Every structure is written in structure tokens, then in C-alpha cells.
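With the hints as your guide, set chain E onto chain B.
Line order of the protein sequences matches chains B and E. The working numbering puts the first residue of the first sequence at 1, with every later residue one more than the last. The working numbering puts the first residue of the second sequence at 1001, with every later residue one more than the last.
Take these hints with a grain of salt, some might be off.
Here are the in silico distance ranges between beta carbons for each label pair [said to hold, decoys possible]: (1) Thr15/B <-> Pro1079/E: 49 to 55 Å; (2) Arg9/B <-> Ser1070/E: 42 to 48 Å; (3) Lys1058/E <-> Phe96/B: 20 to 26 Å; (4) Ser1052/E <-> Glu53/B: 29 to 35 Å; (5) Pro1079/E <-> Met27/B: 31 to 37 Å.
Anything over 12 Å on all C-beta distances counts as not near chain B; from chain E, calculated [said to hold, decoys possible]: (6) Glu1071; (7) His1075; (8) Ser1080; (9) Ala1086; (10) Leu1109.
Simulated from the structure, these hints should not be mistaken for laboratory data. Predicted, not measured: the structure shown is a model, and the values here were computed from it. The beta-carbon is built from N, C-alpha and C at its ideal position, and this holds for glycine as well.
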Amino acid sequence: EAQVTQNPRYLITVTGKKLTVTCSQNMNHEYMSWYRQDPGLGLRQIYYSMNVEVTDKGDVPEGYKVSRKEKRNFPLILESPSPNQTSLYFCASRRFAGDSNQPQHFGDGTRLSIL
Amino acid sequence: AQSVTQLGSHVSVSEGALVLLRCNYSSSVPPYLFWYVQYPNQGLQLLLKYTSAATLVKGINGFEAEFKKSETSFHLTKPSAHMSDAAEYFCAVSERNFNKFYFGSGTKLNVKP
Chain B
1 EAQVTQNPRY LITVTGKKLT VTCSQNMNHE YMSWYRQDPG LGLRQIYYSM
51 NVEVTDKGDV PEGYKVSRKE KRNFPLILES PSPNQTSLYF CASRRFAGDS
101 NQPQHFGDGT RLSIL
Chain E
1001 AQSVTQLGSH VSVSEGALVL LRCNYSSSVP PYLFWYVQYP NQGLQLLLKY
1051 TSAATLVKGI NGFEAEFKKS ETSFHLTKPS AHMSDAAEYF CAVSERNFNK
1101 FYFGSGTKLN VKP
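For reference, chain B alone in the conformation it holds in the complex (with noise of 0.2 Å):
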């Protein structure tokens, strides 16, 4: 089955303890986008990755790194988190970067708490 997966779903943590939020595609596809979503605000887009060793900054990337080694896993890494990164964090994947005829798959979300 074609799915974008996420991994925790679910993390409550701490001030400064650094954490990473996993996400894996299984139909190699080339492009794959971090996003949070908050109340009122609808969907931010963090960063975005055109291919392996590929990326480039969204709108709201200031507090998140990202790497993409291998097509499918693009990890997002939150070195240093602090409360106001609370939030419900998806990632999404499209078979071409450029490609408008595709749409972005997205995964089922991981909500992080940052206490």
C-alpha cells in the first residue's frame, strides 16, 4: 500500500532535548515537504527537499533542520525544541518535484508537545 509514514504519532517532551520526527515514503517519489499546522493558522511549510541531498527552506524553517540521504526518509530534527514548536507536524511526498499533474501524499500527522 502507497503511504507516507510518520513516526512518533504522538511525543511529549522537554525544553532543549533534542529530538527527530521520521518520515518514510514508500513510492519513490522525489519530492517530500515538512509542514505544522496550527489553530488559525492552517498549514506552514518548513522545508521541502526536490531529490537526495536536495533541500531548501519553506516559510517557517528558523528552530528545524532536515536531511535527505536516501529517497525515501526525510527526517525533521528539532535540535534545541522550545513550546512555541508545539505543534501537529505532517509530511507530504509527490512523485516529481515541478509536477503540478501529481498530487502530495501526506502522512497522518505526529503531534508534539514541548513542555
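Structure of chain E alone, referenced to chain B:
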């Protein structure tokens, strides 16, 4: 910079009534526009998209949207609401390379029996 405004964070309609969810955008170049739906505890699913072909776009589940350049709008409609349409709907605009996306704040649709 691009932006998307969705008027009305909550919309309530009766089953069988017309659904109208509003979306206005600002963009310095002709945009590509999308509507997504999010059911509880799930990710987003694409409903429909406008990519400079026909201005009236038909999507899944009976939804459609019309791109009106003069009004910078891309409102979502469905002639007859169904209980299963209750969800949150997001309008989004993309840069022409489809790598950056900007979402509206979302509209929660409630359908009353």
C-alpha cells in the same frame, strides 16, 4: 509573497443545502490553486486543483471551484451537502515550480441533519 485568505473559520449547512467555502489569494504572478480536505486525525487529501487550464475545475466527491482572476478568488462549492462532507477544508496556492505551498487558515464545515 503569496498569501491565502479563507473567510469563515466555521461554516454550518443543512444536509442537502449548497456548500460555499470562500478563498481569496494574493499573488504577484498567475497562481496555481488547490483545495484540500482534512478529516479528523488524518492528513490532507487533494480535492481539486487549478493549473491555468479551465477556470471551472471539478474535483472529487462532487466539489468544484471556479478561478476568477478579476476577483482573485477560488471559491469551493458543492450543490448538495452530505453528512460525510463534514471536515476541515484548506485552500492553498503554489509557486509555479510547485515546490513551495501556502495554505489558508482552514474552514471547518459542519453538516446538520
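Taking the hints in turn, this is what the structure says about them:
1. Between Thr15/B and Pro1079/E the beta carbon distance is about 50 Å. The supplied range of 49 to 55 Å therefore holds.
2. Distance hint check for Arg9/B and Ser1070/E: the Cβ-Cβ separation is about 44 Å, which falls inside the suggested range of 42 to 48 Å.
3. Restraint check, Lys1058/E to Phe96/B: a C-beta distance of roughly 24 Å satisfies the suggested window 20 to 26 Å.
4. Taking the beta carbon of each, Ser1052/E and Glu53/B are about 31 Å apart, inside 29 to 35 Å as hinted.
5. Take Pro1079/E and Met27/B: their Cβ atoms lie about 34 Å apart, and the range 31 to 37 Å holds.
6. In this structure Glu1071/E is separated from chain B by more than 12 Å, as the shortest Cβ-Cβ distance comes to about 21 Å.
7. Every Cβ of chain B is farther than 12 Å from the Cβ of His1075/E; the closest lies at roughly 17 Å, confirming the non-interface assignment.
8. With a least beta-carbon separation of about 25 Å from chain B, Ser1080/E lies farther than 12 Å from that chain, consistent with its non-interface assignment.
9. The claim that Ala1086/E lies off the interface holds: its Cβ sits roughly 18 Å from the closest Cβ of chain B, which is beyond the 12 Å cut-off.
10. Listed as a non-interface residue, Leu1109/E keeps its Cβ farther than 12 Å from every Cβ of chain B; the least gap is roughly 15 Å.
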